[in-house]
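Chemist: Residue numbers (my numbering), protein chains in the order written: chain G, 1 to 142; chain A, 1 to 302.
Honestly, the hints are just simulated from the structure, not real lab data.
None of the hints are false.
What the simulated footprint calls covered on chain G by chain A, stretch by stretch (three residues with Cβ under 8 Å from a Cβ of chain A suffice, anywhere in the stretch; the number is not a length):
#1 4-17
#2 21-29
#3 32-41
#4 67-78
SDA-like mimics (lysine to any residue), calculated; alpha carbons at most 20 Å apart, straight line:
#5 Lys158(A) - Ala119(G)
#6 Lys118(G) - Val234(A)
#7 Lys118(G) - Val161(A)
#8 Lys31(A) - Asp12(G)
#9 Lys118(G) - Leu155(A)
#10 Lys118(G) - Arg154(A)
#11 Lys158(A) - Val116(G)
#12 Lys158(A) - Gln122(G)
#13 Lys118(G) - Ala151(A)
#14 Lys158(A) - Ala113(G)
#15 Lys158(A) - Glu114(G)
#16 Lys118(G) - Ala163(A)
#17 Lys118(G) - Ile233(A)
#18 Lys158(A) - Val117(G)
#19 Lys118(G) - Asp159(A)
#20 Lys118(G) - Gln162(A)
#21 Lys34(A) - Ala151(A)
#22 Lys158(A) - Asp115(G)
#23 Lys118(G) - Lys158(A)
#24 Lys158(A) - Asp121(G)
#25 Lys34(A) - Arg13(G)
#26 Lys158(A) - Asp66(G)
#27 Lys117(A) - Gly133(A)
#28 Lys158(A) - Ala112(G)
#29 Lys34(A) - Val14(G)
#30 Lys31(A) - Arg13(G)
#31 Lys118(G) - Thr152(A)
#32 Lys118(G) - Phe150(A)
#33 Lys118(G) - Glu165(A)
#34 Lys118(G) - Glu231(A)
Where a beta carbon is used, it is the ideal one built from N, C-alpha and C, also for glycine.
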Amino acid sequence: MNTLRLRIVSPDRVVLETEAQSVRIQGIDGSFGVLANHAPLMTATMPGPLQYVDVQGQRHELLVTDGFVEVRDNVVTIAAEEGAYAHEIDVAEARAAEKAARDLLANRAALAAEDVVKAEDQLRRALVRQVVGQRTGSSIDR
Amino acid sequence: MANIKELRGRIKSVTNIAKITKAMEMVASMKLRKVQNRALASRPYTEELQGLIGSLAEHVGDDVERPLFRRRAVKSIGILLITSDRGLCGAYNANVTAQVTRLRDALAAERKDVALKFYVIGRKGYTWLGRRGYHVERFYSEPTLENLDFATARLAAKDLVQAFEDGDVDEVRLMFTAFRTVARFEPRNDPFLPVTTELGWFGGGPNPAEQGKARMTGNYLLEPDPETIFERIVPKYLETVIFDGMLSSLASEMASRRMAMKGATDAASRMGKDLKRIYNRARQESITKEMLEIIGGAAAVS
Chain G
1 MNTLRLRIVS
11 PDRVVLETEA
21 QSVRIQGIDG
31 SFGVLANHAP
41 LMTATMPGPL
51 QYVDVQGQRH
61 ELLVTDGFVE
71 VRDNVVTIAA
81 EEGAYAHEID
91 VAEARAAEKA
101 ARDLLANRAA
111 LAAEDVVKAE
121 DQLRRALVRQ
131 VVGQRTGSSI
141 DR
Chain A
1 MANIKELRGR
11 IKSVTNIAKI
21 TKAMEMVASM
31 KLRKVQNRAL
41 ASRPYTEELQ
51 GLIGSLAEHV
61 GDDVERPLFR
71 RRAVKSIGIL
81 LITSDRGLCG
91 AYNANVTAQV
101 TRLRDALAAE
111 RKDVALKFYV
121 IGRKGYTWLG
131 RRGYHVERFY
141 SEPTLENLDF
151 ATARLAAKDL
161 VQAFEDGDVD
171 EVRLMFTAFR
181 TVARFEPRND
191 PFLPVTTELG
201 WFGGGPNPAE
211 QGKARMTGNY
221 LLEPDPETIF
231 ERIVPKYLET
241 VIFDGMLSSL
251 ASEMASRRMA
261 MKGATDAASR
271 MGKDLKRIYN
281 RARQESITKE
291 MLEIIGGAAA
301 VS
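Isolated chain G, as found in the complex:
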């Protein structure tokens, strides 16, 4: 079977480096999948869950914040500001962040355009964290 190499790197660490059958990524233009022998590709990612199927056919899920994807020679490299396994995510903290962002957005008229974007960004991050964090069933155990 053809496999590809999946690498996720963040400023703090190499989050993941493994062989995979397929990878599903939240790209800037929507979700897309990568299989072995994919054409060279470069694009940006959105904060969201990243799924991959390992060589045993097991599905795994991680959180990846905004970053970049490069596919080349059967290597998928994702350079993101943060990558985290579901069990590493503090769901309670994400909830608090969501609430803070919603409070900010509640009176968006009072906010500068820039701050609205920032708050929306924070809200999206918080929501994604919760989604991934709660799906511990499909997370990696290690």
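Model the placement of chain A on the given structure of chain G, informed by the hints.
Modeler: Below, chain A alone, put in the same frame as chain G:
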């Protein structure tokens, strides 16, 4: 004898100092290892971004408006100065701040009226600038440099890019210390903005543009288009440059402190040895004198 007592006190204080400096040396040495590990851990990310930017540079046309790349007449320079929070690290801080003096002198020599605006990481640099009446735009004191994280680098990058875009500064430079080996660090004064192709491969890595060229074999699919990706990647890339500079400076600081403390420990133990010798001689002398007195006294009695 007063002299002997005094010597004993001095020996004691010198050995105590040696103990303290020895401990500080070991602490610095441990922290250095920690920083090196962090630098190592962040390297794959940095390299990936540098590679991507190098590859992209080929694909992005010159016709695109890229404000961060444009040079303009320089009326004010923004400087990100990275020093340590604490002293006792040899000439480390003096070497960095010397870059400031050098730049100022160079500008004065050319009779250029250029304002210097400082963005500072590290308390030593902040007080140094304050004493000399420089204008500090922003001082990043939290979190401390020792607990540095990527968020600080991101914040600093954002501030600098903002200042550059708003026209507050026409050029941004990084003054930090490049970590070459554990015994060699180099104070740097590197251009940061406008972005140049020769920017940022501390530690002597390959030029990102060159690296990118080597990788660009075959055609890439670029989604949605090269310009969009490029625009998103440049700020991220600048963050990594600052983060690298911070890690590099911190490693240099620790290595520098370790060297300074080792020197102090060696000097203290040498001094202790000398004092001990003088002390022993004085002690022996007094014993001999006493014995002579006793013998003399005994001879007189018999």
